[in-house]
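On the provided structure of chain A, position chain B as indicated by the hints.
Those sequence lines, one after another, are chains A and B. So that you can map any letter, position 62 of the first sequence is 1275 in the working numbering, and since no number is skipped, the others follow by simple counting. So that you can map any letter, position 97 of the second sequence is 1310 in the working numbering, and since no number is skipped, the others follow by simple counting.
A portion of the hints provided could be inaccurate.
[Unchecked claim] Derived lysine to any residue pairs resembling SDA-like cross-links, with alpha carbons at most 25 Å apart:
#, chain 1, residue 1, chain 2, residue 2
1, A, Lys1270, A, Arg1255
2, A, Lys1270, B, Phe1286
3, B, Lys1287, A, Lys1295
4, B, Lys1287, A, Thr1250
5, B, Lys1252, A, Arg1283
6, B, Lys1252, A, Gly1246
7, A, Lys1287, B, Tyr1251
8, A, Lys1349, A, Leu1334
9, B, Lys1287, A, Ala1274
10, A, Lys1270, B, Leu1314
11, B, Lys1294, B, Ser1228
12, A, Lys1287, B, Ala1274
13, A, Lys1257, A, Asp1312
14, A, Lys1303, A, Arg1283
15, B, Lys1252, A, Asp1273
16, A, Lys1233, B, Ser1228
17, A, Lys1295, A, Val1238
Treat the hints as calculated values from the structure; they're not laboratory data. Bear in mind that the values here come from a model prediction, so they are computed numbers and not experimental data.
Here is what each chain is made of, one letter per residue.
Number of protein chains: 2
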Amino acid sequence: MSESTQEDVYFAHPSRDFGKTDEAVRLRKTEDGAELTYKGPRIKTSAAKAREEITVKVGDALSAQRILERAGFKEAHVVAKKRATYQLDKLRVEVDVVDGLGEFVELEVMTESPERAASLLEMARAELGLNKPEQKTYLELLLDKKGK
Amino acid sequence: MSESTQEDVYFAHPSRDFGKTDEAVRLRKTEDGAELTYKGPRIKTSAAKAREEITVKVGDALSAQRILERAGFKEAHVVAKKRATYQLDKLRVEVDVVDGLGEFVELEVMTESPERAASLLEMARAELGLNKPEQKTYLELLLDKKGK
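So that you can see chain A by itself, here it is in the shape it has in the complex:
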């Protein structure tokens, strides 16, 4: 099991409404360093959710944030959480305690067979007694809560 504290800063684009285009630019700060991520619009699939994600490690969070701000990106939202990660063979379980939202569990399976992945996820979900699936992102949940 590994634990980390993550602070995610989401940025507004200088000329595009990321809320409408369903994109995101996120700077994540952890004890191990920082990374910059672009998330593309969600693609609807039969079972799970899918979206393009491109991530690059950055040397330090402060400089990355200053570059983004000089280029017209504005800090829009911050999502802070503590994450405990359990890796059980092909199954990864992430338990997040999100500031202002509470506790969430994310299940991820690394496998090349979608059918095998679906059945593994279903087994794990039932075993852990997880009955309230959540499709929204933490950012969306926080915005909902704020009454946006």
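The following block gives chain B in isolation, referenced to the frame of chain A:
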């Protein structure tokens, strides 16, 4: 003396004309890794040129470029050069061979006293026989050459 090959990719901003605002976003690729830099407008000072520069190391150039492109930045220009760097105490001499432009020498002094810096630079300039000062950036020189 250290030598490196540098490929600089300059990006156009999604909604701002960097040519007019005198800013730049540059992704530099070298053998040692990649870095992203924001350059602010040049500030006129009596002697030397000054501008804000913020740089952050990035884990890999390709991912950084893809994130920029997804966010609407477009590759605008590439400046490639070989740079030999000589460090002589407080004086740094950089000899650049720039693709399409030729050879240039840059002198830099690290000191807290502007007067001391100016006299050191002048000594080095005279000693090296450098008589054709160039204020423009390589990018500007390349654009001039292309006839814009």
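Taking the earlier hints as the rules, which of them does this structure contradict?
Of the numbered hints, 3, 10, 11, 13, 14 do not hold.
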